[in-house]
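Those sequence lines, one after another, are chains A and B.
At position 73 of the first sequence (counting the first as 1) the number is 73 in my numbering, and the numbers step up by one without a gap.
Heads up, my numbering is the position in the second sequence plus 1000, with the first residue counted as 1.
No lab work stands behind these hints, which were simulated from the structure alone.
Some clues are possibly wrong.
[What the hints assert, rightly or not] Calculated cross-link-like contacts (lysine-lysine; reagent style DSS-like; alpha-carbon spacing at most 27 Å):
hint, chain 1, residue 1, chain 2, residue 2
1, B, 1163, B, 1214
2, A, 151, A, 96
3, A, 101, B, 1103
4, B, 1193, B, 1109
5, B, 1163, B, 1184
6, B, 1163, B, 1193
7, B, 1184, A, 96
8, B, 1214, B, 1193
9, B, 1193, A, 96
10, B, 1163, A, 101
11, B, 1103, B, 1184
12, B, 1103, B, 1087
13, B, 1103, A, 96
14, A, 151, A, 52
15, B, 1109, B, 1087
16, A, 101, B, 1087
17, B, 1214, B, 1184
The structure displayed is predicted, hence computed values, not measured ones.
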Amino acid sequence: MNVVIVGCGRVGGFLAGLLDSEGHRVSVVDIASTSPARAERAWFQHLPSSFKGETILGDGTDLEVLRQAGIERADALLALTEGDNRNLMCAQIAQKIFGVKQVIAKVNDPVRAQTYREMGINTFSRTTILGTLLHAMLQEDREVGEVLMRKALAHEADLVHEPVKAR
Amino acid sequence: MYFVVAGAGEVGFHLSQALLEAGHEVTVIEADRRRANFVQEKLGSIVMNAPADEGRAQMEAGCSRADALIAVTGDDAKNLVICQLAKIRCRTPRVIARVNNPKNEIVFKTLGIDETISSTRVLMNVIEQELPSGGFMPLMSLAGSANELIEAEIAIGTPPAGKNVGSLRLPSGALVGGIIRRGKLMHADEDTKLEVGDRVMVFSPTASESEVRKALFG
C-alpha cells in the first residue's frame, strides 16, 4: 500500500514507522519552519531510525507538495498535523482533487469532526477516541479496552527499543 | 443586510467599518481577546470574542439569519473551514472566503466555496491594468458558475487586429460581451471589426482561459 502521512508529530511518526516496518511505501510531509535544516531534525525526529520511506518538507495543503509526496499513486492519506483546519483542507484535497480512496483526518474538535464526517470525510477526534478507550477499560467493555491496549503497548515496546534516527 | 465577518485583522476591521458606514448590520468574530477589545473600542459592541472556526460561535453570531458570511483571517485553511461550517451547519446563504495564497482559489472552488477574494490577484490586476502591454486580464469569476470575465487589449501584429469578431477562434462557450474603444463601450457582433487598442470583454469558461489567450494573442 502507498501511504502519504501529513504531519509528523508523535502520532504521525509512530504510524509511519509502523506501516514502514510492515513493508508499505510511506511518505511523510511536514511543514518547513524558518530554518529548514533545523526544522528537518525537529520535525522528523519522531520517525524511527529504521524508516525507509520519504520525508518531504512542505505545506501539506499545497498541491505541488502533495504531488511530490506521491499523492497521485497513494492508496491512503492521513492528515495528522496539529491544526484541525489544515487537516480538513488536506483531506478534502486528497479526496476531491486527487481521488485518494482512503482518507482520514485527525480533528480534535468533536463538532468539526462530526460535521465533516457527515460530508463524507473520514475524521476521528483524539478526544473522543482516547476518552472512549479509557472509559471502556474502566467499564463494561474492559476486554475490548485491554485488547487494544495490549496491542498499543506491544507497538510501543518495538519502537522504544530502536534508537532515534540520527540526522 | 446582516453580515458576519470572521476575523478582525486589518482586512476584517476595515471591511466591518465600511459595511457599518454603508448602513448594514455587522457582527465580527475575533479569537484574540486583545484584538477584539481594540476593535470593539473603535466600532462599538459588534465584536464577539470567540474562535470563528467553531460551530457554536457561528450559531451565537447568528450565521443562520445572516445574509452573508465573509471569512478574512490570514489563514487559508481556517477561512475554508469557517465558510464550509457556516454553509453546512448554519445554512448561511452566501459565504465568501479571503484567499491569501492565490493558488488556493481553484482549490476552494473545487471544495464548494464559489466566492473567493485574493488580494494578491486584485493587486496583480491593478498593476497589469497600469502596464501598457499587460494585455490580458481575467477580471473576475462569475458567481455560481464556472465562468469568468476577461479583458484583453488588441495589440499590433496579433491575429485579431483588423479582423471581425466572428473570425476569432474562441473556445466553445466563450463569447465577446462588448468592446471598449477609445474609452467608449460599444456593442460587438460577428461583423464588428477589431482595431488595435480595442479592449475586448470576453465571457469564458474559467477552464478555457488559456485558449482565449491563444485566440487573441496567437
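A quick look at each hint next to the structure:
1. 1163(B) with 1214(B): With Cα atoms ~15 Å apart, residue 1163(B) and residue 1214(B) stay inside 27 Å; holds.
2. 151(A) with 96(A): Judged against 27 Å, a Cα distance of about 33 Å means the pair is violated.
3. 101(A) with 1103(B): holds (24 Å)
4. 1193(B) with 1109(B): violated (36 Å)
5. 1163(B) with 1184(B): holds (20 Å)
6. 1163(B) with 1193(B): Status holds; Cα separation ~5 Å.
7. 1184(B) with 96(A): violated (44 Å)
8. 1214(B) with 1193(B): holds (19 Å)
9. 1193(B) with 96(A): Violated: residue 1193(B) and residue 96(A) sit about 44 Å apart, past 27 Å.
10. 1163(B) with 101(A): violated (51 Å)
11. 1103(B) with 1184(B): Violated, at roughly 34 Å.
12. 1103(B) with 1087(B): holds (22 Å)
13. 1103(B) with 96(A): holds (16 Å)
14. 151(A) with 52(A): holds (23 Å)
15. 1109(B) with 1087(B): holds (14 Å)
16. 101(A) with 1087(B): holds (25 Å)
17. 1214(B) with 1184(B): The given pair, whose Cα atoms are some 25 Å apart, holds under the 27 Å limit.
In terms of the numbered hints stated before, the structure departs from hints 2, 4, 7, 9, 10 and 11, listed from lowest to highest.
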